[in-house]
Amino acid sequence: MHNLTITELIDGLKNRVFSSTEITQHFLARIKNLDSEFNSLITLTENQALEAAKTADQQLAAGNAPELCGVPIVHKDIFCTEGVRTSCGSKMLDNFVPPYDATVVANFRNSGAVMLGKTNMDEFAMGSSNETSFYGPVKNPWSTDSVPGGSSGGSAAAIAARLAPGATATDTGGSIRQPAALCGITGLKPTYGRVSRWGMIAFASSLDQGGPMARTAEDCALLLNCMASYDDKDSTCIDRSVPNYSAHLGDSLKGLRIGIPKEYFSEGLNSGTEQAVRESLAEYEKLGAELVEISLPNTGLSVPAYYVIAPAEASANLSRFDGVRYGHRCDDPKDLEDLYRRTRAEGFGDEVQRRILIGTYCLSAGYYDAYYAKAQQVRQLIRQDFVQAFEKVDLIMGPTCPSPAFKFGAKGNDPVAMYLEDIYTISTNLAGLPGMSLPCGMVDNKPVGLQIIGNYFEEARMLNAAHQFQQVTDWHQLAPAGIES
Amino acid sequence: MNWETVIGLEVHVQLATKTKIFSAASTAFGAEPNTQACEIDLAMPGTLPVVNKQAIDYAVMFGLAIDAEIGKTSVFERKNYFYPDLPKGYQTTQLEKPIVGAGVVDIVLDSGETKSIRIHHAHLEEDAGKSLHEGDFRSGVSGIDLNRAGTPLVEIVSEPDMSNAEEAVAFAKKLHSIVTSLGICDGEMSQGSMRFDVNISVRPQGETQLGTRTETKNLNSFKFMEDAIHLEVERQIDLLEEGGKIIQETRLYNGETRVARSMRSKEEANDYRYFPCPDLLPVVISDAQVEQLRTKLPELPDARQQRFIDQYDLSEYDADILSTQASMANYFEQTATQSKNAKLSANWVSGELIARLNAENLNIDQSPVSAEQLANLIVRIADNSISSKMAKQVFEGIWNGEGDADQIIEARGLKQVSDSGALESMVDEVLASNQAMVDDYINTDADKRKKKLGGFMGQIMKASKGQANPQQVSQILAKKLAELV
Chain G
12 MHNLTITELI
22 DGLKNRVFSS
32 TEITQHFLAR
42 IKNLDSEFNS
52 LITLTENQAL
62 EAAKTADQQL
72 AAGNAPELCG
82 VPIVHKDIFC
92 TEGVRTSCGS
102 KMLDNFVPPY
112 DATVVANFRN
122 SGAVMLGKTN
132 MDEFAMGSSN
142 ETSFYGPVKN
152 PWSTDSVPGG
162 SSGGSAAAIA
172 ARLAPGATAT
182 DTGGSIRQPA
192 ALCGITGLKP
202 TYGRVSRWGM
212 IAFASSLDQG
222 GPMARTAEDC
232 ALLLNCMASY
242 DDKDSTCIDR
252 SVPNYSAHLG
262 DSLKGLRIGI
272 PKEYFSEGLN
282 SGTEQAVRES
292 LAEYEKLGAE
302 LVEISLPNTG
312 LSVPAYYVIA
322 PAEASANLSR
332 FDGVRYGHRC
342 DDPKDLEDLY
352 RRTRAEGFGD
362 EVQRRILIGT
372 YCLSAGYYDA
382 YYAKAQQVRQ
392 LIRQDFVQAF
402 EKVDLIMGPT
412 CPSPAFKFGA
422 KGNDPVAMYL
432 EDIYTISTNL
442 AGLPGMSLPC
452 GMVDNKPVGL
462 QIIGNYFEEA
472 RMLNAAHQFQ
482 QVTDWHQLAP
492 AGIES
Chain D
46 MNWETVIGLE
56 VHVQLATKTK
66 IFSAASTAFG
76 AEPNTQACEI
86 DLAMPGTLPV
96 VNKQAIDYAV
106 MFGLAIDAEI
116 GKTSVFERKN
126 YFYPDLPKGY
136 QTTQLEKPIV
146 GAGVVDIVLD
156 SGETKSIRIH
166 HAHLEEDAGK
176 SLHEGDFRSG
186 VSGIDLNRAG
196 TPLVEIVSEP
206 DMSNAEEAVA
216 FAKKLHSIVT
226 SLGICDGEMS
236 QGSMRFDVNI
246 SVRPQGETQL
256 GTRTETKNLN
266 SFKFMEDAIH
276 LEVERQIDLL
286 EEGGKIIQET
296 RLYNGETRVA
306 RSMRSKEEAN
316 DYRYFPCPDL
326 LPVVISDAQV
336 EQLRTKLPEL
346 PDARQQRFID
356 QYDLSEYDAD
366 ILSTQASMAN
376 YFEQTATQSK
386 NAKLSANWVS
396 GELIARLNAE
406 NLNIDQSPVS
416 AEQLANLIVR
426 IADNSISSKM
436 AKQVFEGIWN
446 GEGDADQIIE
456 ARGLKQVSDS
466 GALESMVDEV
476 LASNQAMVDD
486 YINTDADKRK
496 KKLGGFMGQI
506 MKASKGQANP
516 QQVSQILAKK
526 LAELV
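Residue numbers (our numbering), protein chains in the order written: chain G, 12 to 496; chain D, 46 to 530.
Here chain G stands alone, though its shape is the one from the complex (with noise of 0.2 Å):
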């Protein structure tokens, strides 16, 4: 039952092959047996999701189900969730308990979707290897010496362990791609915009975006209706109207122009990575799609000027996290100003507060038009860079990250190399733009993703390429070791 897509479970929902009781029972099950061994969930729902799932099979008897109704999920620890703790990965928000859900979860309850749990994650979502949480390291279910990449390696980790079917996760530099690349599932980070970030914790607001992880991009685009919504609670959502991302899956990619950045193909990538990546890409050329050599100049500036804004912006939306009205508070502070040193130095851990130190900086006196300003412009290049290339084609094509999952503690000691790890994703961050990780091959038994990078708005037409592809070859189903049976 582990295995089946979510696309084959709300069939089997609606053919009532089985409830969503048992397979909310198998799932539960799958979490309290294996999860030990992963650590990919934070915080397991079991009561609230047999309750959701005795109600989604009510309605499911009732014939008025609605899309999602019965499929159970998980939710990144990042979303709000009213009366459950959201803890952000972190100790500052080990005792949070919100009491409002966010927009993504709210769309998902009103779909009939059953929240099994809260997902582990870097913390406050900054990491590429989930090595910063306050819970502990997930392990890559591939190998499990093995990082699962991040921020969002809970909730990949999970679906690629059959431990759920869907998640939500979160990407602000590549926090959905990379973890989905590592773990080998599908993972889409839609428009900046697309998706509201009401409830969403806030890590670099102009650069956070959340999307759905899946096994296969034909789950994603389900996830994705359900997740894509105009909310005027946040203020840069984008109010257009959410298209029906299932409905061109099935379209020819006969004539499609693929652009192949050369600057994605240079030094530092993985040769197993490579070739994985430019065999699929000869996939595509198969189905009909023709590859267009281009070039993204400025490439290599997006990842100092991701670490100048991003950290910036983490410095002021974390400065709410003080001790004061919620989250951990210090022990007996003797005064103010010891209220906020102790809160936030036993609170926060050594990445956070290396990023807050970072950001603090470039936005001091003095130094703000050297990184903050010049990071913007930089911004405006790395941006002018994609418009030019969406010019000549339909698609953008390359790695989603420079090799597979590396071993625990291998960047540990070395932030940058660390930094380094995002350096194909972070740019459609910067520039808004969604972007995709699909699996398109292994080395070392480890998986390999291929990121697909769309124009704006276009989540439908980069479904349809992944889903194409995911027709013709079967990355998509492998299943590590062990997690078959």
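Everything labelled a hint here was simulated from the structure, so no lab data went into it. Note that the structure is predicted; figures quoted are calculated from it, not measured. Cβ coordinates follow ideal geometry from the N, Cα and C atoms, glycine included. Careful: at least some of the hints might be erroneous.
If you only want the chain D side, here are some residues facing chain G, beta carbon under 7 Å, derived [said to hold, decoys possible]:
| id | residue |
| --- | --- |
| 1 | Pro-129 |
| 2 | Lys-133 |
| 3 | Val-278 |
| 4 | Arg-318 |
| 5 | Leu-325 |
Following the hints, position chain D against chain G.
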């Protein structure tokens, strides 16, 4: 040495919107602590601001009222600092691109001279909450009330164009008059609806360079502002004359104790690390919106004063007193319209009524005498039902809630006797019982007799208990005496 004072003002005007600038919580004054603070005001994780359009409109209206350039694209920025009553750890405000650009406010000085005070700009921002302290420093308790957090403010920043307390107060009063006339602020100074920060420096007469300035913060009455300026100017001059140096600092003035103290020096000042708020899009205002708001602008104090002079034939002085406050102007106009006697209405409102209100520390909206009641009184004065002297008694009666003018005149028997038959017999009686006076009159030289009339008038008025119509009495008396001579 002769010293010259230079003063600039920063004025915080609380906008009279029903809800906060970035949330739907109420802005009503005086509620129980923290009952008007929603999850956005509390800066709960994942919450996002949405700008209140009414606040934008109000700020634009202010800009139009002072003939300022309207910022077609204004940008909210984050001003970062930690304080317990600042939940997000930053204040959302405007810096580089404010909503209102440079403008001018004209003030009239006691000398009758008009002076133009330049406005540097005005920007929108949110207010902070309030910290409340009970008990002493060691054993006391501090509480935070976030009801005020997020209340919309327009901060108006003047150029240093004022050279004494009189000008500063005149400017402050003029702003009060403008914002209350526009209806964008309730003008309740005691509730903090308008607060003044005063920048003061002194320099030797003739010197062109500005001296080091201090800022006295948060003055919430014209009187306090005037006192604080006198005190600070004196302090600076004394200090300089003793050979001391002014330190650039923020000062606090206590209106009760009339003492000011230093709050912090510039060296201790924060680096606020401003940057554009990524949660809010730039506020774009079209020409059409500006023009639409322009048509909605109510009459402004200057225009109203001129109209009072033209329409009601008032003196400049009366017109000024009656036009400055919108509520006062409305009261006067209602009285004038209903009594059909603008001159008497102006006299009564600017004289008796204002004196009485001031004596009891009431504003015009709290007047126990309604415009309609005053109009009725004025009708009775104009039609000679009562003398002006009696009118004051009737006014007292209305003020004390004894009823309307006619009821009081009736109840107290104050109605003036204008019946000529009754008056003639009254005069006859007095002449008959004062033969000596009559003889004296007759024996006096014709050109000096006029002086003797007063004696008869006094007797007659006394006999009538003051109710006789003096003009009529004097006519009848003159006629009767002429017959006797």
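Going down the list of hints, with the structure as the test:
1. For D:Pro-129, the interface hint holds, the least distance from its beta-carbon to any beta-carbon of chain G being 5 Å, beneath 7 Å.
2. A hinted interface residue such as D:Lys-133 counts as satisfied when its beta carbon comes closer than 7 Å to some beta carbon of chain G; here the least separation is about 5 Å, so the hint holds.
3. Evaluation of the D:Val-278 hint against chain G yields a violated restraint, the C-beta minimum of about 31 Å exceeding 7 Å.
4. For D:Arg-318, the interface hint holds, the least distance from its beta-carbon to any beta-carbon of chain G being 4 Å, beneath 7 Å.
5. Given hint, D:Leu-325 at the interface with chain G, holds; its Cβ is 5 Å from that chain's nearest Cβ, closer than 7 Å.
Going through the hint list in order, the structure does not satisfy hint 3, though it satisfies all others.
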